[in-house]
Amino acid sequence: MEISQHPYAEFLRTEMMPNIWCSGCRIGRIKNAFIEAIQHLGYDPDTCAVVSGIGCSSRITGYLNLDTIHATHGRAIPTALGVKLANPDLKVTVMGGDGDILGIGGNHFLALGRHGHDLNVFCMNNYGYSMTGFQHGPTTPLGARTITTMGGSPYAPVNPVAIALAAGYTFVARSTSSHPYHLMDCMISAMKNRGPSFVEILVPCMLFERRNKIKSLEALFLNKAKIKETLSEEDVDQNDFTKEISLGIFRDTPVREKPQLSLVKSAKKKAVKTYRVNFRSRASGIKYIQIRMEGTGGQGIVQGGKTLIHAAMNMDPKLNSTLTKRYGPEMKGGSCVTDVLLSAQPIDYPFVEVPDLLLMMSDIVTKERGGAVIINDKGTIVADESMVDLSLLDGLPSTVKVFGVPATQIARDNFRVVVANNVMMGFVCKTTSIIEKNCIKAAILKSAPPGTEEMNLAAFEKGYEFGKP
Amino acid sequence: MRGSHVIGEAATRAGCRFYAGYPITPQNELPEYLSKRFAELEDATFIQAESELAAINMVMGASMAGVRAMTSSSSPGISLKQEGISYMAGTELPAVVVNVMRGGPGLGNIAPSQQDYFQATRGGGHGGYRTIVLAPHSGQELVTLTMKAFDLADRYRLPVVLLGDGLMGQMMEPVTFPDPIDPATLPRKDWVLGGAKGRGGHLLASLLLDPSKMEQHNWKLARKYAAIRERETEHESYLLDDAVLAVVAFGTAARIAKGAVNRVRKAGLKAGLFRPVTLWPFPERQLRALTPRLKHILVFEMNLGQMVEDVKLSIGEQATVHFYGRPGGIVSTPHEIAEAITKLCYRYDLG
Numbered sequence: 032m033e034i035s036q037h038p039y040a041e042f043l044r045t046e047m048m049p050n051i052w053c054s055g056c057r058i059g060r061i062k063n064a065f066i067e068a069i070q071h072l073g074y075d076p077d078t079c080a081v082v083s084g085i086g087c088s089s090r091i092t093g094y095l096n097l098d099t100i101h102a103t104h105g106r107a108i109p110t111a112l113g114v115k116l117a118n119p120d121l122k123v124t125v126m127g128g129d130g131d132i133l134g135i136g137g138n139h140f141l142a143l144g145r146h147g148h149d150l151n152v153f154c155m156n157n158y159g160y161s162m163t164g165f166q167h168g169p170t171t172p173l174g175a176r177t178i179t180t181m182g183g184s185p186y187a188p189v190n191p192v193a194i195a196l197a198a199g200y201t202f203v204a205r206s207t208s209s210h211p212y213h214l215m216d217c218m219i220s221a222m223k224n225r226g227p228s229f230v231e232i233l234v235p236c237m238l239f240e241r242r243n244k245i246k247s248l249e250a251l252f253l254n255k256a257k258i259k260e261t262l263s264e265e266d267v268d269q270n271d272f273t274k275e276i277s278l279g280i281f282r283d284t285p286v287r288e289k290p291q292l293s294l295v296k297s298a299k300k301k302a303v304k305t306y307r308v309n310f311r312s313r314a315s316g317i318k319y320i321q322i323r324m325e326g327t328g329g330q331g332i333v334q335g336g337k338t339l340i341h342a343a344m345n346m347d348p349k350l351n352s353t354l355t356k357r358y359g360p361e362m363k364g365g366s367c368v369t370d371v372l373l374s375a376q377p378i379d380y381p382f383v384e385v386p387d388l389l390l391m392m393s394d395i396v397t398k399e400r401g402g403a404v405i406i407n408d409k410g411t412i413v414a415d416e417s418m419v420d421l422s423l424l425d426g427l428p429s430t431v432k433v434f435g436v437p438a439t440q441i442a443r444d445n446f447r448v449v450v451a452n453n454v455m456m457g458f459v460c461k462t463t464s465i466i467e468k469n470c471i472k473a474a475i476l477k478s479a480p481p482g483t484e485e486m487n488l489a490a491f492e493k494g495y496e497f498g499k500p
Numbered sequence: 002m003r004g005s006h007v008i009g010e011a012a013t014r015a016g017c018r019f020y021a022g023y024p025i026t027p028q029n030e031l032p033e034y035l036s037k038r039f040a041e042l043e044d045a046t047f048i049q050a051e052s053e054l055a056a057i058n059m060v061m062g063a064s065m066a067g068v069r070a071m072t073s074s075s076s077p078g079i080s081l082k083q084e085g086i087s088y089m090a091g092t093e094l095p096a097v098v099v100n101v102m103r104g105g106p107g108l109g110n111i112a113p114s115q116q117d118y119f120q121a122t123r124g125g126g127h128g129g130y131r132t133i134v135l136a137p138h139s140g141q142e143l144v145t146l147t148m149k150a151f152d153l154a155d156r157y158r159l160p161v162v163l164l165g166d167g168l169m170g171q172m173m174e175p176v177t178f179p180d181p182i183d184p185a186t187l188p189r190k191d192w193v194l195g196g197a198k199g200r201g202g203h204l205l206a207s208l209l210l211d212p213s214k215m216e217q218h219n220w221k222l223a224r225k226y227a228a229i230r231e232r233e234t235e236h237e238s239y240l241l242d243d244a245v246l247a248v249v250a251f252g253t254a255a256r257i258a259k260g261a262v263n264r265v266r267k268a269g270l271k272a273g274l275f276r277p278v279t280l281w282p283f284p285e286r287q288l289r290a291l292t293p294r295l296k297h298i299l300v301f302e303m304n305l306g307q308m309v310e311d312v313k314l315s316i317g318e319q320a321t322v323h324f325y326g327r328p329g330g331i332v333s334t335p336h337e338i339a340e341a342i343t344k345l346c347y348r349y350d351l352g
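From first to last, the protein sequence lines are chains U and F.
The first sequence: position 449 = 480 (the numbering used here), numbered continuously.
The second sequence: position 97 = 98 (the numbering used here), numbered continuously.
I should point out that these hints are in silico values taken from the structure, not numbers from a laboratory.
Glycine included, every Cβ here is placed at the ideal spot set by N, Cα and C.
A portion of the hints provided could be inaccurate.
What the hints assert, rightly or not - FRET-style restraints, in silico, Cβ to Cβ: (1) U:P480 <-> F:P24: 54 to 62 Å; (2) F:E318 <-> U:M47: 52 to 60 Å; (3) F:T26 <-> U:A403: 24 to 32 Å; (4) U:A314 <-> F:K221: 18 to 26 Å; (5) U:Y186 <-> F:R189: 49 to 57 Å; (6) U:R145 <-> F:R189: 31 to 39 Å; (7) F:D180 <-> U:R313: 24 to 32 Å; (8) U:A197 <-> F:R286: 46 to 54 Å; (9) F:L210 <-> U:Y74: 28 to 36 Å.
To be verified - Below 27 Å or equal to it, Euclidean Cα-Cα: the simulated DSS-like pairs (lysine-lysine) are: (10) F:K37 <-> U:K304; (11) U:K477 <-> U:K356; (12) U:K477 <-> U:K304; (13) F:K267 <-> U:K409; (14) U:K477 <-> F:K271; (15) U:K318 <-> F:K271; (16) U:K356 <-> F:K190; (17) U:K122 <-> F:K190; (18) U:K356 <-> U:K304; (19) U:K349 <-> F:K267; (20) F:K267 <-> U:K318.
Given the sequences, and given the hints that come with them, work out the whole structure.
Now the structure itself:
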C-alpha cells in the first residue's frame, strides 16, 4: 500500500514516514487510536495541538499532521500549559513516555494535577528508557533486567495511576496498546473531561522483552488484563503483568469549582472616606542632599524613605531622586538602612556616602558599626530618644545639629507603635524644613493602608507639634 | 518606582501577556508586581511555575502560541533555565528573560554583582547559540530596554536577555512610561501554533537528525546573528571627545563610573566613559574607533573581569587595557573608581 493511501493520511505527515519505531512496537497503534478519538469527537484538527518531550513515544508529534511541538525532555507538560494558557481555544494533548513524564518530568506531572488546567496527558508506559537502549526508569518492575540494572532492578516501581489520583487529576484511566478500542474510549472520555486528564497506556517494548526473556508482552497484556466497568481501590494496585492488570476509568469527575473563601479574614467594606491633601509644586533649589534613615526592621524604615522620596517628588517633580535600602534576611528585628538622595543633577552613585540628614529610629545600625556615627560636619541628626542611646552622639563636632524626639513613645501613647516613623516625619518636617508639610502629608496618604489614613496623619501632626523650627 | 516594578510595567506596556516564574531573591518583586498587574487584564496570564525548568518551558509554550512572553530569575535560576533558552534559540522562538544577577558562583549571595556576563553574552547553554543581551543602567532605561527587548525578540525570533542586578531591581527612581501597546496591533506571526487547517501542521522542534539539515539550520542562525551584529549594537559615549583615558563599564558599574568621571574631570583629568548598552552584540567597531587616539582603557566591572575580554578582542593591540573589579557584591563608590583613574593618569602621564 502506498503511504498516501493510508486511511489516516490526512492526519499524518506522510513525508516523515516510515516511522522510526522498531517492528513490533505498538506506539503506532496508540497514535492511530488518538486520531480515531479526534475523528470520533468530531474535533476540528484546526483546534488541536499536541506536545511531546523526548523519547520513543514522544516521536508521535513528528508524524501527526497537526500543530505539534517536540519540546524539551521532561518539560512537555509545562510547555503545553504555556500553549493552553496563551491560547485557551486549543485542545492540547501531551504525549510522552514513562521516563519523560514520570521520571525527569515528575514534578510537572504532579503540579498539573494541582493547577487543574484542561490538558490531556497520555503516558505510554513501556517500563524503561527505550530510545537510549533500555535503561531502567521509574516504572521498571522490581527485578527486571535493563542495561543499567544488569542484575535485576532493585527499585520498586511507581504506580502512575495512584500518583495521578493523589495529585488531583480529574480524569484517570489505564489501558494498553493491545486493547485499541478500550484505549480509544479512554482517550475520548479524557478529552471530554474539562480538567487535567491522565491515561496510562501500557505498551510492550522489544528491548524489554529481549532483556528479560519475555516471549510476548502483548500476549501477557491480553492474558492478564481485565477491562472493568467499575473499579475499586484494589484495582489501582493491580498493574503487574505477571499477575493481574485492571483496565478502566478510575476517576471521571467534573473540574473543581474555584473556592470562594480563603483563610484570610475578609475585610469588611466600610463606607470609604477619602482624604485629600493639596500641595503646590515648585522649584525647590535643592542641589544635592543625602538622607539616611536607619533603625530596626519593622520600624517602618523603608516606608519612611518612601514617604520622603514621594514627598520630594511632590514638591519638585524635576528633582532627581533615588532610594536604596539594605537589610538582613529577617523581615523584623534586624538592622535596616534606607538611603534617599535628592539632586538637581543626575545621580551616579545611589548610596549615601556621608549623610546630610540622619534619621535614627534605633541605634542598632550604629552599634553594629562599633558606635561610630557617620554624619556631614554641617549635617543634622534626628534621633528617636525612646530607642537610641544618646551617649552615642556625644563627641560629634559642634557644627552638627542634634535633635531628639521620643517618636516611638509618642506613637505608643497616642496611637500605635507602627506610626512612629510618621511622628518622626512630622518632627523632621518642622525642624529641617527641607520638604513642605503638605507634600509630606500627601505622600503619607499615598502609602497608608485604607482605614489608617487618619491615624497616620494625626501621628505626623503630633510629631510636627514637637518640632523645633 | 522600584526597578523590578518598572520592568513589570514596561513589559505590560510592551504587550507582554504571559509571565511564568519561580521564586528567587532578588527578583521577587517583579513577579509580585505582575501577579497584581496581570490580574487587571483580561487577556494576560500570570503563573507561578513548580520550578525554573517549568517556568521557562511554559514561556516556550506561550511563545509558540504567539503571545509576547517573559520570565525572570536570578543567577542560579537562570542556569536552570539555560536548557529551555537553548531550545528556544534552536527553535527560533522569541521571549524575554530577565536576569537580576547576584554574586556567584554557586548560590553566592544576593548582593549586586555582574558575575553572569560570560553566561549571558556567550549564549549560556549548549549548542553555540546567541541571545541579545541588554544592560540597563537607570530606571528610565529599564523602561526603554524592556520594551525594546520584546521588539527585538519578535523581529529576530530569539530570546533576549535583560541583564540587571540587585541594585537595579531594588532601587526606586522616578520614571515616565510611554503609552501601552495593544497586543492586537502587533504584527502577526505566521509560524505559531494556531490551528492547522488548510496549511499543513507546524512542527516546532529543534531536533534535526540529518547533519546536512542541521548544518543548513546553523548557517541560517549564523546569518541571523551576523545581521544582528551589523544592525543592533547600542552604546553611550560620555565625555569621550577630548578624553585621554576611557572607562568602559556597563549597567550599575557604568553609573558609578560616570560619577567617577565627573569627579576626575573636576580635578582636571580628561577621562570619559564608554558604556555598551548591548553586551551582545558588543559595540566592537564603535569602541575600536576610539583607538589609536586613546592609548589607555580602564575596564570596570563588578566581577573578576569578563567584559574585559570583549574589550581586548575589539581593540586588539591598539591600546593598553587595564582592569578594576569588585567581585563579591560590594558596590564600589565613585571615589574608589576616581582613585583608580587618577593612579593610571599619573602612572602613564596622561595630562
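Okay, the hints, checked on the actual structure:
no., hint, verdict
1, U:P480 <-> F:P24: 54 to 62 Å, "violated, 24 Å"
2, F:E318 <-> U:M47: 52 to 60 Å, "holds, 53 Å"
3, F:T26 <-> U:A403: 24 to 32 Å, "holds, 29 Å"
4, U:A314 <-> F:K221: 18 to 26 Å, "violated, 57 Å"
5, U:Y186 <-> F:R189: 49 to 57 Å, "holds, 50 Å"
6, U:R145 <-> F:R189: 31 to 39 Å, "holds, 35 Å"
7, F:D180 <-> U:R313: 24 to 32 Å, "holds, 29 Å"
8, U:A197 <-> F:R286: 46 to 54 Å, "violated, 60 Å"
9, F:L210 <-> U:Y74: 28 to 36 Å, "holds, 31 Å"
10, F:K37 <-> U:K304, "holds, 24 Å"
11, U:K477 <-> U:K356, "holds, 20 Å"
12, U:K477 <-> U:K304, "holds, 14 Å"
13, F:K267 <-> U:K409, "holds, 23 Å"
14, U:K477 <-> F:K271, "violated, 45 Å"
15, U:K318 <-> F:K271, "holds, 25 Å"
16, U:K356 <-> F:K190, "violated, 43 Å"
17, U:K122 <-> F:K190, "holds, 20 Å"
18, U:K356 <-> U:K304, "violated, 33 Å"
19, U:K349 <-> F:K267, "holds, 25 Å"
20, F:K267 <-> U:K318, "holds, 17 Å"
When held up to the earlier numbered hints, the structure conflicts with 1, 4, 8, 14, 16 and 18 and fits the remainder.
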